[in-house]
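**Student:** If you want the building blocks of each chain, they are given just below.
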Amino acid sequence: MKSAVIVFPGSNCDRDMAEALRLVTGRAPAMVWHREDSLPDGLDLIAIPGGFSYGDYLRSGAMAAQSEVMGAVKDAAARGVAVLGVCNGFQVLTEARLLPGALMRNAGIRFVCRDVTVKVENSQSAFTARYDAGEEIVIPVAHHDGNFQADAATLDRLEGEGRVAFRYAEEVNGSARGIAGILNEGGNVLGMMPHPERAVEAAHGLTDGRRLFEGLLEMVGQPA
Amino acid sequence: MKVRVFVTLKHGVLDPQGKAIHHALEGLGFAGVNDVRAGKLIELDLADDVHDSEIEEMCRQLLANTVIENYRIEQVERAGAAA
Chain P
1 MKSAVIVFPG SNCDRDMAEA LRLVTGRAPA MVWHREDSLP DGLDLIAIPG
51 GFSYGDYLRS GAMAAQSEVM GAVKDAAARG VAVLGVCNGF QVLTEARLLP
101 GALMRNAGIR FVCRDVTVKV ENSQSAFTAR YDAGEEIVIP VAHHDGNFQA
151 DAATLDRLEG EGRVAFRYAE EVNGSARGIA GILNEGGNVL GMMPHPERAV
201 EAAHGLTDGR RLFEGLLEMV GQPA
Chain A
1001 MKVRVFVTLK HGVLDPQGKA IHHALEGLGF AGVNDVRAGK LIELDLADDV
1051 HDSEIEEMCR QLLANTVIEN YRIEQVERAG AAA
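So the sequence lines, in the order shown, correspond to chains P and A.
Just so we're aligned: 100 in this note's numbering is position 100 of the first sequence, and the numbers increase by one with no gaps anywhere.
Just so we're aligned: 1030 in this note's numbering is position 30 of the second sequence, and the numbers increase by one with no gaps anywhere.
Any given hint could be a false lead.
FRET-style restraints, in silico, Cβ to Cβ [said to hold, decoys possible]:
1. P:Y57 x A:Q1075: 23 to 29 Å
2. A:E1077 x P:D41: 47 to 53 Å
3. P:Y57 x A:L1014: 42 to 48 Å
4. A:Q1075 x P:D75: 33 to 39 Å
From the structure, some residues in chain P lie toward chain A, with a derived Cβ separation under 7 Å [said to hold, decoys possible]:
5. R59
6. A102
7. R114
Output of the computed footprint for chain P on chain A, the stretches with three or more beta carbons under 8 Å from beta carbons of chain P [said to hold, decoys possible]:
8. 1021–1033
9. 1044–1053
Hints were generated in silico from the structure; no laboratory data involved.
Computed from a predicted structure; not experimentally measured.
All residues carry an ideal CB built from backbone N, CA and C; glycine is no exception.
Kindly generate the complete structure, drawing on both the sequences and the hints.
**Tutor:** Shown next as structure tokens:
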């Protein structure tokens, strides 16, 4: 599986993401700096990592969403390439309008950094194929702006179309309807606040994130 | 020309920062504060030939996230006007 990790100034989970991809897929991803206006050929997955791109200036993800590389990411997403945005990556995807809604300051104001229980709502996407629908998994979160908000019509549509991939099984940040991760209409773009790349090997203490990457491997016809 | 852009959360959107400020004001003993909403003020120094429509575009594309925020543009100093 050929993958790339986008790196912005202020990204800080880019190497964690790269290591998770290397470990699970057996191939190190290309690291792509935000000033590039093109991506390597033949990508199966583009990962937008967590962190604090541009210091969260203006709004989390707002500046990164305007960077050169995002034009190429949008083109790739439109062609059906899988795009995974984690934490700040989710914020970037909403600001780039690749996903609906917005991620606001946590309802409790505090930065939340802990392991949370998340329910897999949709196991039909490439990202979630290795989970069972309704299964509860434990994945760490670490964010200040993870409070997902959208208007009621958008929330109804997301739920009606099975585009809520993950929902918190506990109160975390005030997100509308407990939404932790959503898919785009095509099912090839996933944004999520929890960090699957921090839960892939025994040394992490948690391994429930591993199957997300295994699902992507299956998507490209490689056994996990 | 100088322009001020006020970015505020839309009505009905929960404002955790405004709420925290509200609590802090109450903690300081200020009574009678009904509600607090926090927003942003962005000052732009623009060339005189920048059109209003372009300022609108700046707001829509970057300065405000229209999913959750409203914006209001205020001309502080008009082109050619004495300071």
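**Student:** It remains to establish, for every hint, whether it holds in the given structure.
**Tutor:** These are the hints, each one checked on the structure:
Checked against the given bound of 23 to 29 Å, the beta carbons of Y57 of chain P and Q1075 of chain A, roughly 25 Å apart, stay inside it. Distance hint check for E1077 of chain A and D41 of chain P: the Cβ-Cβ separation is about 51 Å, which falls inside the suggested range of 47 to 53 Å. About 22 Å separates the C-beta atoms of Y57 of chain P and L1014 of chain A, a value inconsistent with the hinted range of 42 to 48 Å. At about 38 Å, the beta-carbon gap between Q1075 of chain A and D75 of chain P stays in the expected band of 33 to 39 Å.
Hint status for R59 of chain P relative to chain A: holds, with the closest Cβ pair at about 6 Å, below 7 Å. Nearest Cβ of chain A to the Cβ of A102 of chain P: about 4 Å, under the 7 Å cut. The hint holds. Because the closest C-beta pair between R114 of chain P and chain A is about 18 Å apart, greater than 7 Å, the hint is violated. Figure legend: the segment 1021–1033 of chain A, annotated as covered by chain P; annotation inconsistent (0 residues with Cβ-Cβ distances under 8 Å, at least 3 required).
As drawn, the segment 1044–1053 of chain A meets chain P at 0 residues by the rule of a beta-carbon pair under 8 Å; below three, the given contact is violated.
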